[in-house]
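S.K.: Single-letter residue listing:
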Amino acid sequence: MIDAIGAGLLALLTPQALLFMFLGVVYGLVIGILPGLGGVVAMALLLPFTYGFETAATLALLLGAHIATIWGDSVTSILFSVPGSAKGLALCFDGYPMTKQGKAKRALAASATGALMGGIIGAIFLALCIPLIRPVILALGPSEYLMMALWGLTVIATFSEGSLMKGMTASVLGILVAFVGMDVVTATPRFTFGSEFLMDGISFPVAMIGLFAVSEMMKMSIRGTPIIDRSLVTEDSTVWQGVCDAFRHWWLVVRSSLLGLWIGVLPGVGASVAGLAAYAQAVQTSKSPERFGKGAVEGVIAPDATMGANEGGGLMPTLAFGIPGGESMAILLVAFIGLGIVPGPDMLTKNLDVVFSMVWIIVLANIVVTVIGLGITPWLARLPSLQANLMVPMVLSVCFVGAYATRGRIEDVVVAAVFGVVGYLMDKYRYSRANFVIGMVLAVMIERNLHISINLYGADFLLDRPIALAMLIFVVVTAALPLWRQYRRKRALLQAGGAA
Amino acid sequence: MSRHAQENLVSVMLLLLYGVVLYLCQDFGPRARLIPLPLAVFGILLTLAQLGWHNFGREESPPPEMIHVDTSAIAATAEGQPRTERTEEQLGQWGEAGAYSIVALLIGLVFAVGIFPAVFLFTAAYLILTRYCTVIRGLSYSTALTVCVYLLFVKALEMQPYHGLLAGWMS
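For the record, the sequence lines run as chains A and B. To get the numbering used here, take the position in the first sequence, counting from 1, and add 5. To get the numbering used here, take the position in the second sequence, counting from 1, and add 1297.
Hints are supplied without guarantee of correctness; some may be wrong.
Under 8 Å between C-beta atoms, here's a sample of chain A residues computed to sit facing chain B [stated by the list, open to error]:
| # | residue |
| --- | --- |
| 1 | Leu50 |
| 2 | Leu52 |
| 3 | Val406 |
Read the hints as simulated data drawn from the structure, not as lab findings. Glycine residues also receive a C-beta, built at the ideal position from the N, C-alpha and C atoms.
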């Protein structure tokens, strides 16, 4: 194994591979920042350029671009509450409030450093776990995936902004919107009203562009002031503060990274779920969960660390079984075919050096992204103070072009606008947009795995799946814990008030 | 309309929406409606509870307005002066109707003239009409943005642009 680690690194230390990695990273950062486009698009567009080059260089280009999109997504989520893709959603919750408080530099630096640490921790654990992880993956089935999705829903209470009923209503709406289109299990068109366009369902990135970006621009046009009015808020944070934050919360980074690695290992779960799950665990394990959603730096560090580690995890099922851990890994599989690499058990035995090359690419690409990211952070942090009359037309235009580019359907522009209005109204009447999106992300996963579980094990599938049952107990405990803590805190306050 | 009435109106709209979902679910098979149907029922119960709480529950503190600027996290101004609330006059001239119109205008332009001409026209019109900059500068900025967006999406990302209904009629 030591030989494979060394060989993997050596293969990467060629001028071509290093140059390709750098180009991939720069390209990935640009794509990540564009709304509606993420790592999948970045990798898909690079595919035609990968044939004929050495294996390590090709992988460096693809993975470098993919890893850079993670931080690219985070940038727009933090600065404008505009997630570049589904992955960046969790960064909006605390990153954007930090920007509004004049802590954009700190948030961006914490995000970049968190992603770097997550990437490295994920890569190290991936290297250590390669021999162990295979039987674990095989032990999990749809029932366990269902429990993981349910765990993601426990974060709803965090974003309910004082009204749990409104928070839950928003989630219900999100879940229902996710059911628009052809039902993947029964092939029934649902809520499509005979529209061919709606048969494909509502595109998740387009809905997010509307809910967050378009509605924010609507708000800004009404307010007429920039995101940060420098006459009221000064940018008083530094890049160094953000770097220190990530190291100060090292235990959160480790936990989030392991969670990201784990979610990455599970095929089909995806980085958007990983970001939300990381945020949920950060809230649930925090001693002061009430700070979340209002600009807590932990709310930035945890999702980024998770998404950094998630890529390493996603490689595992892709390489070991040829089952892509997510959409981007599916594109990597296509690249493997071009390179003559056959995924399967042999990858973890005979071709271990290629696997370790990829582990090294993850580490090195993360370092390059962080160095570039920290370098450009001071300039990026100035963007939210641009005048509203400049920001609104430009961001709105780019958002609509991004919505169109997602699937090349002009109807998606209308969908983005409709969701923009919905997002604006939800914000106005305090129905959490975050909960809406969480419902939307998790709905399909919940429904699909519920159907498969019932098919395989019957309606009482939990009795047949002890791991799923244990996970359900864990879900209930983690959902109840913050409520219990809140109750105890209120009781203590009441007692203190009575004593006074 | 008062905020209280608006909240009630939203709840009624939600009830209608869930009613439509319930109605549409009747056409689905038992498996296809396994989650949407109970979810719609749950949504109705939630909304009824919300309505009850809103009208008969204990009085809540009035929610902050959309255009209220949250200064709670602001320690002081740049000069170290105490924090200040923004006045209505400072809050821009557009209003809600303006915001809806902006989105509708851009959509209309996209459908009429295609996506990239719409970007140019919308940006130029917005910059000039809001008097953010002079006509020449406005046109320059919008040209620069349109060219950048075009190069990025069409040339680099190979997106097929939408040419609009006018182009269809003219050809």
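S.K.: Evaluate each hint against the coordinates.
M.R.: Outcome of the hint check:
Taking 8 Å as the C-beta cut-off, the interface hint given for leucine 50/A holds, the closest approach to chain B being about 6 Å. Taken as an interface hint, leucine 52/A does not check out: its beta carbon lies about 12 Å from the nearest beta carbon of chain B, beyond 8 Å. For valine 406/A, the shortest C-beta to C-beta distance to chain B is roughly 6 Å, which falls under 8 Å, so the interface hint holds.
The structure does not agree with numbered hint 2 stated previously, though it agrees with all others.
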